[in-house]
Each structure stands twice: as structure tokens, then as C-alpha cells.
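Engineer: Chain by chain, the residues run as shown.
Protein chains: 2
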Amino acid sequence: MKYSFAKSIEQLESSAVRDILKLTQGSDVISFAGGLPAEEFFPVEAVKQAYIKLLDSGKNALQYGLTDGYLPLREQICQRLASKNIHVGPENMILTTGSQQALDLLGRVYLEQGDVILVENPTYLAALQSFRSYGVRVVAVESDNDGMNLEDLQAKIKAHRPKLIYVVPTFSNPAGRVWSTERRLGLLKACKMNDILLLEDDPYGEIKFDDQAEYPPIISLDDHPADSPVVYLSTFSKTVAPAMRTGWAVADKRVIQAIGKAKQAADLHSSSIDQQALYYLLGDFNLDEHIVKIRHNYKARMQLMNDLLAEKNLPEVKWTKPAGGMFFWVEVSPQVHTEQLLKMAIKEGVAFVPGTPFFAETPLTNTLRLNYTHTDEETMREGMNRFAKAMNQYLTAHV
Amino acid sequence: MKYSFAKSIEQLESSAVRDILKLTQGSDVISFAGGLPAEEFFPVEAVKQAYIKLLDSGKNALQYGLTDGYLPLREQICQRLASKNIHVGPENMILTTGSQQALDLLGRVYLEQGDVILVENPTYLAALQSFRSYGVRVVAVESDNDGMNLEDLQAKIKAHRPKLIYVVPTFSNPAGRVWSTERRLGLLKACKMNDILLLEDDPYGEIKFDDQAEYPPIISLDDHPADSPVVYLSTFSKTVAPAMRTGWAVADKRVIQAIGKAKQAADLHSSSIDQQALYYLLGDFNLDEHIVKIRHNYKARMQLMNDLLAEKNLPEVKWTKPAGGMFFWVEVSPQVHTEQLLKMAIKEGVAFVPGTPFFAETPLTNTLRLNYTHTDEETMREGMNRFAKAMNQYLTAHV
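First to last, the sequence lines map onto chains B and Y. Residues 48 to 446 in the working numbering are what the first sequence spells out, letter by letter. Residues 48 to 446 in the working numbering are what the second sequence spells out, letter by letter.
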């Protein structure tokens, strides 16, 4: 049998992160690669009670559900969003298999071969992977610690007439950046004036290290959310548990309906047992208190990795201490190619993600991403020792 | 904001079945429309025990999982498949959000704009919907109660050089047909000789009304399953519960890897909590015994609907008694347009699916699909009274 796959899939590279995850699973490699939450903080007992309550509630719990997702859960999420000044109803929301599916379905309903989309530099690699599978050209906008450079944004809008702009404005992946309110407003205005869809991906917004700080989602800055250019995505993967794969998209009804049509064809609906269990969980469990606990623990881990990075005193290594999220974005000596460094690191028993796949265009090959949420103190110390050893070996061998 | 959706989605019609489901939800319309299993047979207590066991097993249960799905569950499914003479390993399998997702992802990795695919006449409407979203042309092969007409198949292969053929050979949806072994072998041979991918969708194979009857899946008839043209799909939706959304694809490793790449971009992975719970369920619960129980109950419901259809003695109404699955496929008087009839039926308080959307090309507008698995005796009697009343009203008004 001679298989002839579609061209788009032949081009689609397997995600570097997930390939490394596969490689390190079951081995004693310490992984700073994945974007994994810490298992020790999963509210496993509360989740168990939620499934018990659901399955005691009757047999209907196991029946097919609606494509848009379990209505009472959508209503609960709308209530939570109201506290972030996002005022929408359940008809503005669809539940998906993680927010990755919302991103992918939006690409499916909105993008066509040859379209241009703009992204931050660097940006989330699985977004690049999904968008590219729709045959679009991805153009990177110059970005700094405050977000996209608005002048470069204007120039690239003019040059490329993009159809969609994709951003992670709060604790971006991989760079851990937080956009200033001015840049958020500037991007929103540019999208409105030019009829460009603005995909705001917010998986990490809750994981902020200053409980008092406010980072307004771009959608909350829009006066007319019912006719908004913004499609807002978030998820329970980082706050409750990834295994339940429950994310959501918020947008104008017409956009939600289009995503719903695509989702019917894609999988009819996501796990409704998980959606219903989340509904019970949110009723009985203090998620906000839980999120505060996660924040404090992750902040301590971030601080430790920051201190260890400083302590190792590696030549020409630079990073910015993140205000939230799950990652350090690290620039190393320009002579280091981090894809090569990774091979040495894995031999030493530690993994990270090289920066290259996060760049839509010319990559900075001396960058890498380190996750700090998934390793406890002892493991992190040992992992950073191995990382420093690999780096010194690399420099000795290559310089 | 002026939204400009992709053309493929503008063309994509919302599924007739799911729109009707939405319409009738929460109303007192008796629905013979959906393909819903009967809630009263869901093994809710066993499912609950499986989640408890899983969530007592530790916090790792809630972490991200592999794109291909939970390995021990894949191994268990492989063991079950071996009893159907399908001998494959977990590397030949990917778990998906229902088998619908497997079907859709296969389309994504294998089909390109302008390709031709062949289907039965009539065929599963959500398959048509998914394939069409990839811009392919769907051609129907003449079909009778034994499956596709092999001469017409040869002619259409020659005329259209199709890339993929999609069939539901055991208790087809909507027609409830069972392909003869001769036709299965003929189709397999034609696909091998012409390098055509053969998508065998088997959601209903376990729901057979003769416990002793054997309907060999086409993939089990292939001597070389490692290099086979057959991609085989099935699901737990009809045997355990749809809400857990766990289906699978079995194929050559290269096909599974391609689907895996697309699935990474589509949603990273399906609910791994559900997959792990199914693993515990299969260990502790006698699913085969449970399936026998479902079969007997569904057979009784099928028999009752058969008797009621006969009893009503509606003019020119024809149907074949199904040997399994979930549907009656009914042909009514040629002067009846069943989409019009549906409107009257809903006023009378009963719903079905008109036949039109199941046809890839010219529809028979006097056909309809009735589900018999989801209604108990009393409801079915009342529903069929309403159906007969609507039909007689229609005939009085239109003839």
C-alpha cells in the first residue's frame, strides 16, 4: 500500500516539546522541558468527590452532550469571567478539549491557504504548528518585555494585511512577558480599525506571583464585546488539572457558532463527564483559594530557579525574572546552539526546550525555555547542576 | 468588526441530527432522531468505582498524557480486538475523542482539496460533513442490503481515481445493512490493487442481535495488517458510555503517526482521566456480559418498533428488520417529502431524521431514520402513535 498523505501534514513537524517528553518519560532525566503543573498540588480528593457526586446524580451523566459544552459549567465560567470584567453569556462560549482545540478550531474556521497571521516574537510553538497546518504564512512582530512594538505592528499590518493576530499577553509562552495596558489597548485598536481577528490566549493569567497585580485581559478592555475582534481562550489545565482537558473560547456569537459547526465535524463534543465533574467541583471546592496556594508554591520554585541560575554564574547567560506563568526564557552565549546543547544535556540527565521552534521566522539559536513548576527543590537543584555541567562541557568542546 | 470565515466553514451545514437534538432537548417531543444509547443500561456504578479507583491511585492521574492515548488502555483494546481476529499492537492504535475525531483527523492528514472519496449510498451524515470540510468531492457507490455493488465500485474507481473509500460494513448508519463477506473481500481487494485507503467505521459491530453471528471486520480479512489499506475505527460510546468520548483508530504505524501529528496540533490529547478510568473499568467489570445484556434489550426494542411499524399499516411504508445497530431505515410513499413531514411530526410531539442528509448525491427524499434504542416501551408506543398521526395528516394535506 502506497500511502499519500496531505501536503500540510507532511510539512507538519512533530512538536519538539512532546518529542522530548516522550524521550524522557520513564527515564531518570530531569525535565525542565514540558509545561507541566506540579502533581503534588492537584486537588485529587476534591476531583474524586466531584466524580462521585456526578455519578450518584443519575445515569444521564453518561449520555451524549451538546457540542458547545455542558451549559451549567459554561454559566459558572461566565460568572468567574465577570470578576475579570469580561461580561458575556454562555452563548458567547464553547467548551473545548483544552484551549489548544479552541485555537485549532478557530484556525480551521477562519484561516485559508495563503492568509497571513501575525504573532509575537517568540511565540507558543503549538500555535505555530496548528496555524501552519492551515497553509498560512506566519509573520513575527518585533516584541519586547511590554509586548509587541506598536510601530512594527502598524508596518506589518500595512505590508501583509493579516487576517488574524495571535498573542499571549499575560505571561507569554515562552518569554514570560506581561504586556503593558497601553500596548494591549494599541493592539485592540489596530485590530478594530483593520477588521483583524485578535486571538488572545490566556492559559497562565491566574498564575500571577503578585496577588494584588491586575493584568486586564484585552477582551475586558473592549467596549463592545458583542461585536468584538477578540477571541479569548483559557483553560482549567493549569488551575485544576490537565487530564480533564477542559478549555474554552469566548467570542462574538457568530464566531462561537462557526467554531461549533467545526467542532461537530471534529468530535461532536468533548468529554461531558469531565465537564460535569468540573461543574460539581466549582460548586464544592474553593478554586480561588487553591489558585492562591499554587501561586505561592510556584513563586517559590521560580525564585529558587532564579537563584540557581545566578549561582551557576554561566558566561553570558541572561534572563528576566517572570511575574507569573511557568517559564524562564534564557538567552545564553551567542556561540551556543541550544539544539546541540540539548543533546549534551540529555546525556547529563536534564532536558529543556531549545528556543528555535518558538520563532515564526529567523530564530535566536542561543535561547531556551526552562519550566520551574514541575520540579521540587531537591530535583531542581540537581537538574540545575546537570544543566550547568552540560553548558560548561559544551563551551569547553566548542570554544 | 467584519468577520471573514473560511469558505469551507461557510459551506459546512450544521448537522441536521444535532440541530433536532437541540430543538427537542428539554421539550416533551419524543425523539427517534439521535443515535443515543439507552441511559438505563449505562453501567454507572461500575464507572463510578473506576473513577474512585483511579483517583485513589495517586495524583499522576491528573497530569498531561500522551497524544496517542493511555498505553495500558491501548493494550487492553488490542487484547479485545485479538478476539475479533484483529492482531495489532498499541503502536498501531491512537485513542481519540470518540471515533468521530479519528475520522476527522484521518481526513485532515489524508485528503486534499479536489480529492474524490467513495461512500455507501446512503451513508453516515457526520462523515459527509467532516470530509466535505476538507474540500473533497464525495461520490456514492450503488449499494444494496449486501453492501456496495462491486461492479459499480470498479466503474467508479476507474472513473474517479478515489483516494479513500469510507464504509460502515456492519449495521450501517443509517441503513442498518450488514455487508456479505464476499463484498467485504471484494472491496478490500479493490483497495489493495488501486492503493486506495479504506476507512472502516465500526461503532455498532458489538450491537448484534444474534449472539452467535460473526461479521468479520474487513481489517480482520487482511493478510498483511502491518501494511494494510484499512484504517479501522471503533468506540466505547455504544458499549460503555458516550460521555467518556473514547474511540480509537487502528492502522499501519505510518498512518497512526500522521494522525498523531495532527492530533498534537488539534488538542494535544483527549481526556486522559477518562481513558484511565476506562482502563480500570475494563479490569473490574465484565464488559462482554454487559454487551450481551444491551444486545438483548435493544433487540426487544427493535422488535417492538418493527411490530408497531407493521401495526400502523401506513401506505407504501417499507423497511428491513435490522440484524443489529440502532436504526430503522424507512422508505415512505414517494409523494412524502420527509423534511416537510418532520415539521408536522414535531408539532405532534415526535422527531426523526429525514433521509436527505445521508445521501452524498441525489437524495431519496421519501426516506427517514428511526432510532429504537433510546425509548422505553411506553414512550415508543406513544411516539409511534404520534408518528402515524403526523404521517396521516401529511397524506391528507398533500394528496
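Simulated from the structure, these hints should not be mistaken for laboratory data. It is possible that part of the hints are untrue.
No more than 30 Å apart at the CA atoms, straight line, and that leaves these computed lysine-lysine pairs for DSSO-like [said to hold, decoys possible]:
1. B/Lys390 - B/Lys436
2. Y/Lys340 - B/Lys340
3. B/Lys100 - Y/Lys106
4. B/Lys346 - B/Lys365
5. B/Lys394 - Y/Lys300
Engineer: Look at each hint and say if it fits the structure.
Structural biologist: Verification of the supplied hints:
The suggested pairing of B/Lys390 with B/Lys436 holds, with an alpha-carbon distance near 13 Å, which does not exceed 30 Å. At most 30 Å may separate the alpha-carbon atoms for a hinted pair to count; Y/Lys340 and B/Lys340 exceed this at roughly 48 Å. At roughly 19 Å between alpha-carbon atoms, B/Lys100 and Y/Lys106 fall within 30 Å of each other, so this suggested pair holds. Distance check on the hinted pair: B/Lys346 and B/Lys365 sit about 19 Å apart at the alpha-carbon level, within 30 Å; holds.
Between the alpha carbons of B/Lys394 and Y/Lys300 the distance comes to roughly 29 Å, so the proposed pair stays at or under 30 Å and holds.
Checked against the numbered hints given earlier, the structure breaks only hint 2 and satisfies all the rest.
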